[in-house]
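Participant: Sequence order for the protein chains is A and B. Residue 1 is where the first sequence starts when you use the UniProt record's numbering, and the numbers rise one by one after that. Residue 1 is where the second sequence starts when you use the UniProt record's numbering, and the numbers rise one by one after that.
Since the hints were made in silico from the structure, they are not lab data. Source: prediction; values computed, not measured. Even for Gly, the Cβ is constructed at its ideal location relative to N, Cα and C. Do not rely on the hints blindly, as some may be mistaken.
As the list claims (entries may be wrong) - Just so you have them, the derived chain A footprint on chain B, three or more residues with Cβ under 8 Å:
#1 8-20
#2 94-102
#3 198-211
Claimed, not checked - Short, incomplete list of chain A residues facing chain B, as computed with Cβ under 8 Å:
#4 L156
#5 V158
#6 G159
As the list claims (entries may be wrong) - The calculated label-pair distances, taken between Cβ atoms and stated as ranges, are:
#7 P105(B) to A23(A): 30 to 40 Å
#8 Q21(A) to R144(B): 34 to 44 Å
#9 R27(B) to P22(A): 27 to 37 Å
#10 G48(B) to A155(A): 28 to 38 Å
#11 A246(A) to L1(B): 35 to 45 Å
As a plain string of letters, each chain reads:
There are 2 protein chains.
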Amino acid sequence: LHSYAAVLQYDGTAYWGFQLQPAPQGRRAKPTVQLRVEQALCRATGQGRQALRVQAAGRTDAGVHARGQVVQFCCARRQGAAPLLRALNALMPPDIRAVAVQEVPLDWNVRYASRKTYAYDLHLDPVADPFLHRWRCHPRRPERLRLDAMADAAALFVGTHDFSRFANLGPDATRKSPVKTVLSYRLLPLEGGARLEVTGTGFLYKQVRHMTGALLAVGGGSLGADDIAAALAGGERARSAAQRNAFRGWQVAEARGLCLQQVVYAPWSSLGDLEPAAGGSGVVLAAVEEAPPGPRGVAA
Amino acid sequence: LHSYAAVLQYDGTAYWGFQLQPAPQGRRAKPTVQLRVEQALCRATGQGRQALRVQAAGRTDAGVHARGQVVQFCCARRQGAAPLLRALNALMPPDIRAVAVQEVPLDWNVRYASRKTYAYDLHLDPVADPFLHRWRCHPRRPERLRLDAMADAAALFVGTHDFSRFANLGPDATRKSPVKTVLSYRLLPLEGGARLEVTGTGFLYKQVRHMTGALLAVGGGSLGADDIAAALAGGERARSAAQRNAFRGWQVAEARGLCLQQVVYAPWSSLGDLEPAAGGSGVVLAAVEEAPPGPRGVAA
Numbered sequence: 001l002h003s004y005a006a007v008l009q010y011d012g013t014a015y016w017g018f019q020l021q022p023a024p025q026g027r028r029a030k031p032t033v034q035l036r037v038e039q040a041l042c043r044a045t046g047q048g049r050q051a052l053r054v055q056a057a058g059r060t061d062a063g064v065h066a067r068g069q070v071v072q073f074c075c076a077r078r079q080g081a082a083p084l085l086r087a088l089n090a091l092m093p094p095d096i097r098a099v100a101v102q103e104v105p106l107d108w109n110v111r112y113a114s115r116k117t118y119a120y121d122l123h124l125d126p127v128a129d130p131f132l133h134r135w136r137c138h139p140r141r142p143e144r145l146r147l148d149a150m151a152d153a154a155a156l157f158v159g160t161h162d163f164s165r166f167a168n169l170g171p172d173a174t175r176k177s178p179v180k181t182v183l184s185y186r187l188l189p190l191e192g193g194a195r196l197e198v199t200g201t202g203f204l205y206k207q208v209r210h211m212t213g214a215l216l217a218v219g220g221g222s223l224g225a226d227d228i229a230a231a232l233a234g235g236e237r238a239r240s241a242a243q244r245n246a247f248r249g250w251q252v253a254e255a256r257g258l259c260l261q262q263v264v265y266a267p268w269s270s271l272g273d274l275e276p277a278a279g280g281s282g283v284v285l286a287a288v289e290e291a292p293p294g295p296r297g298v299a300a
Numbered sequence: 001l002h003s004y005a006a007v008l009q010y011d012g013t014a015y016w017g018f019q020l021q022p023a024p025q026g027r028r029a030k031p032t033v034q035l036r037v038e039q040a041l042c043r044a045t046g047q048g049r050q051a052l053r054v055q056a057a058g059r060t061d062a063g064v065h066a067r068g069q070v071v072q073f074c075c076a077r078r079q080g081a082a083p084l085l086r087a088l089n090a091l092m093p094p095d096i097r098a099v100a101v102q103e104v105p106l107d108w109n110v111r112y113a114s115r116k117t118y119a120y121d122l123h124l125d126p127v128a129d130p131f132l133h134r135w136r137c138h139p140r141r142p143e144r145l146r147l148d149a150m151a152d153a154a155a156l157f158v159g160t161h162d163f164s165r166f167a168n169l170g171p172d173a174t175r176k177s178p179v180k181t182v183l184s185y186r187l188l189p190l191e192g193g194a195r196l197e198v199t200g201t202g203f204l205y206k207q208v209r210h211m212t213g214a215l216l217a218v219g220g221g222s223l224g225a226d227d228i229a230a231a232l233a234g235g236e237r238a239r240s241a242a243q244r245n246a247f248r249g250w251q252v253a254e255a256r257g258l259c260l261q262q263v264v265y266a267p268w269s270s271l272g273d274l275e276p277a278a279g280g281s282g283v284v285l286a287a288v289e290e291a292p293p294g295p296r297g298v299a300a
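Required output: the full structure, derived from the provided sequences and hints.
Facilitator: Below is the structure:
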């Protein structure tokens, strides 16, 4: 058995998120990125779907994009990385591209990233660009948005907090820790807009879209920086379903603005002194920091 | 009666071109940009579709985009330009935007442009960008494309020629002149690609895509600059249907790469010393030269 990691970029507009959705009875499975990747891999390798077990670093939601998604899968026979990359791109639809493929140790796990970076892109011109509307949120009255207040409030998220109030937590909420660390949260200029870029060790379900929604409420003046601080401080008291479902002072920001930019892993050495795969740097890196749309990622 | 001009930008991927298509019997009309603009204008002005008579500077084909399309329409009652712009953008789908609206003299005609600029965008990285594939053609073996040879061959088109061999001419081909003037044809760098930008006084049906196809054949080495020169010189002998349908040495370049960038009109004064509309500069200008996607056009 051989294990591979691939870096994917996709325009998520047409997909029901990354993860495979069970088909409603008598119907086809909804198109997801995972479905398209598995279909291409089956044809490229001649393997059955079950054997591949495609897993992703971040299970992006419906409509969310990626510039640096990392996926992992197994192959019974050794594959050349370059032919596998070409075959994937020949067999996947044009809104999903593989930009790097690399063999990884069998005990390497795509879920154990050391940090992830998400970008949330805003369009701030009065008239939204018809070529960008798939990837940028166009807030109401963009000319009134106070970007400086948003940048200041974003800094409040940096650090280790209980993010319970900034997530959609399921019934198993108590099983996983809602304490996460945000390493940086910046507001960057984009042509005609702005980007909120957040890096953290991990994120709860819909956490980035909750944080963005809160920051947009701050920018619009309906929420103050002190409300953000209070919601962060009050995280541990928000565990009941009623509290979680109450209006929190912001709307979850829409999916279209969100993009998984980069996933960073520790070098193999820290996973047990394993040899890096041939040609590998010892780190699977989705080294793609640019804006969607912008230049392409690392070549294989 | 009042006449208005509007500058439109659209992502043409989802549309059957600009012009209204007759509905096949028992079916709905195919979605075209004109259909969506007319539906929005009817709702915005309360007028019937017939009264509007929306006309475009260039009837872009299925899948072709625009950053500076200019359209003209009539309204029985005077409309404020700014409210009309807002209403249009509220009522049109997000892949069509109006970036400027202005009242024009009743005898002004959107079809009488003094020049038009089209851009044809190529993606030249080995792996095409999934965020750009809707607007860029990704030629086979882009790493082997000889851009310098393409730039040299593009210069051959500049001037006044019979472009019969570089067009799809219908049965009424003899009714209109196939002699057109190309004012400039440049190869510009794009991040991860290149743009072929051509400006002319007017273009035949599919002329830009024919010229692009010929230039791609030159870049790929299957055609020489002398073949281009010969096809231009032999234009007047290519009027028979058989000659027009014969393989010419190139494929018509695909629609996705093409974008109507700018339409320029002579000042009102040259149309009979009419006063420019309030706030107008005397010229309806789609002054949008940037790449799709890029910054937005002129504000109203």
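Participant: State for each hint whether it applies.
Facilitator: Tested hints:
| no. | hint | verdict |
| --- | --- | --- |
| 1 | 8-20 | holds (count 3) |
| 2 | 94-102 | holds (count 6) |
| 3 | 198-211 | violated (count 0) |
| 4 | L156 | 31 Å, violated |
| 5 | V158 | 29 Å, violated |
| 6 | G159 | 32 Å, violated |
| 7 | P105(B) to A23(A): 30 to 40 Å | 60 Å, violated |
| 8 | Q21(A) to R144(B): 34 to 44 Å | 41 Å, holds |
| 9 | R27(B) to P22(A): 27 to 37 Å | 34 Å, holds |
| 10 | G48(B) to A155(A): 28 to 38 Å | 55 Å, violated |
| 11 | A246(A) to L1(B): 35 to 45 Å | 56 Å, violated |
The earlier numbered hints that this structure contradicts are 3, 4, 5, 6, 7, 10 and 11.
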